[in-house]
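Got chain A; can you put chain B on it based on the hints?
As they're listed, the protein sequences go chains A and B.
The working numbering applies: residue 1 is where the first sequence begins, and numbers increase by one.
The working numbering applies: residue 1 is where the second sequence begins, and numbers increase by one.
One or more of the hints may lead you astray.
Stated by the list, open to error - Cross-link-like lysine-lysine pairs, in silico, DSBU-like; alpha carbons within 30 Å at most:
1) Lys4/A with Lys42/A
2) Lys51/B with Lys59/A
3) Lys51/B with Lys184/A
In short, the hints are calculated from the structure, not lab data.
Spelled out, the chains give:
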Amino acid sequence: MAYKRQIDRLPIIPKDVKEFNVVCHYCIVGCGYKAYTWAINKQGGTAPGQNKFGVGLSKQQSAETAAWYSPSMYNIVQQNGEDVHIVKPDKQCVVNSGLGSVRGARMAEMSYSRARNTQLQRLTDPMVWRYGQMQPTSWDDALDLVARVTVAVINYMGEDGVFVSAFDHGGAGGGYENTWGTGKLYFGAMKIKNIRIHNRPAYNSEVHATRDMGVGELNNCYEDAELADTIVVVGTNALETQTNYFLNHWVPNLRGAGARP
Amino acid sequence: MKSCPKMIDAGRRRFLSGAGFAAAGAAAAAVVPSCAEGAPSPARVDYPSRKLASVRDLKANEPISVTYPDRDAPGVLIKLGKRVPTGVGPDRDIVGFSTICPHKGFPLAYNKTDHTLNCPGHYSRFDCDAGGQQIWGQATQNLPQYTLRVTANGDIYAEGIDELLYGRLSNVL
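Just chain B, same shape as in the assembly:
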């Protein structure tokens, strides 16, 4: 694959021109040469790192509402109370999912007895213990799950999503 070395030149020029004055952005933009070939796209979109909650906020099997990657994308954070392969945190039991059904976009509700998220629209069901596996329904995706990171002081950050969210053609708008 060919790279675009002109971007390196532009960066060097921008660096040499100095970034300490207000016109730098516009001036630098003016000298960026046009590249005939597009820069390579990343494999996935860039996700914001967003704090959703703290480990001490979570009680076993009590989901809390969150949004990620922005306010228009509702989801839940759940401490399942049992260790699961996709779980994070000290007990490896914290998971996070989108709560917009990937079938037709209806809001999902959590069922505490079997750890599923259920859709009132067309009855799809997703298993939170199994990474959002659709156990019944008409969606052609399993439920989008958050990539979570827990810091040393117990803050839980979301940093990615593993499936396309309903209602958007790019997870980060």
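Looking at chain A on its own, in the form it has when it is part of the complex:
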């Protein structure tokens, strides 16, 4: 059966809050979100002068309103002490125009929060597969294991026998932090020839071999998708994986918004 939160109200964002423009850290679409933070013991009211949106919140808001957020867009996080925290889609952002996907619209809920125990989801130690499950270990132990396996492969198969399966990119600047070490080691120091990244068989397009065909991936801008008379889509599921690029830029065109006489 469906999971229900049994949450039927949320704190109202007060008028005077810290407001931050933030970018979703999931996929490459780059949807805009607003993060609002304010002291845990304060909250706004339903009168237009008492909340961030300047609208009467004692009335039902219409579809696509900027003045609503779901329970998944709310959390309690630390910011110079204990704060209330909201991340909600930014209606003014040209990328998503207020749309949130199942990924981005959960950023608040998934944020590091000792009040909500999401800190338990943090990876704090290297994990090694031992005795039938992933086990935490020390950096010395993990790196020693990598070194021993690498040396064994080179001794057995030569340097070109080393195939690396690595993490790659990640939003919110995580790509740099997450790949600096592996990049330095495998590209800079070892100069390996064979590497694959997250969902791909090599360091290539997600739709592999398209580059060899002369079709570069991600070869269009959002405006192209809004104006194109014909869109050819191969091996992609933009609605699921680049949701707001599809919903906010393709769909209006498909519904006729980009039509010219």
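What follows is chain B alone, placed relative to chain A:
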């Protein structure tokens, strides 16, 4: 947790002052002492008990439009024609849901063939047989479902909602 005993005093005083005259409300309000600590909040908002329909009004797989908890909150009452875990009524097959999509607030339409509520805006789908489970879409909530009560004479009352309704920060405004 500390209680606020002054409220008990105020209630007693209000009782002793008598409630049979027009000025009682104002007079009593004037003597309510201010409490330094707020009264504890209930876990959920207080919902009205509202009659939506009668069991005999419902035909299998024919949704009827209702509103709950007020006129600005559209929903449906559906007799699914098969017993479901969240169903009420003699056949345990009556369910009620909000029909405002919890993604962006577009109106949902019922599909009789697979008992789903579907959104024309961004294509979200919710399974009425499974308590409003989102089976595809971009909402981060499953569909708000009504808590229903059926009386002995077959009247169906809504008395609560299990998720936040789109477009309001409190289910009861």
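Hints versus structure:
1. Lys4/A with Lys42/A: holds, 27 Å
2. Lys51/B with Lys59/A: holds, 22 Å
3. Lys51/B with Lys184/A: violated, 68 Å
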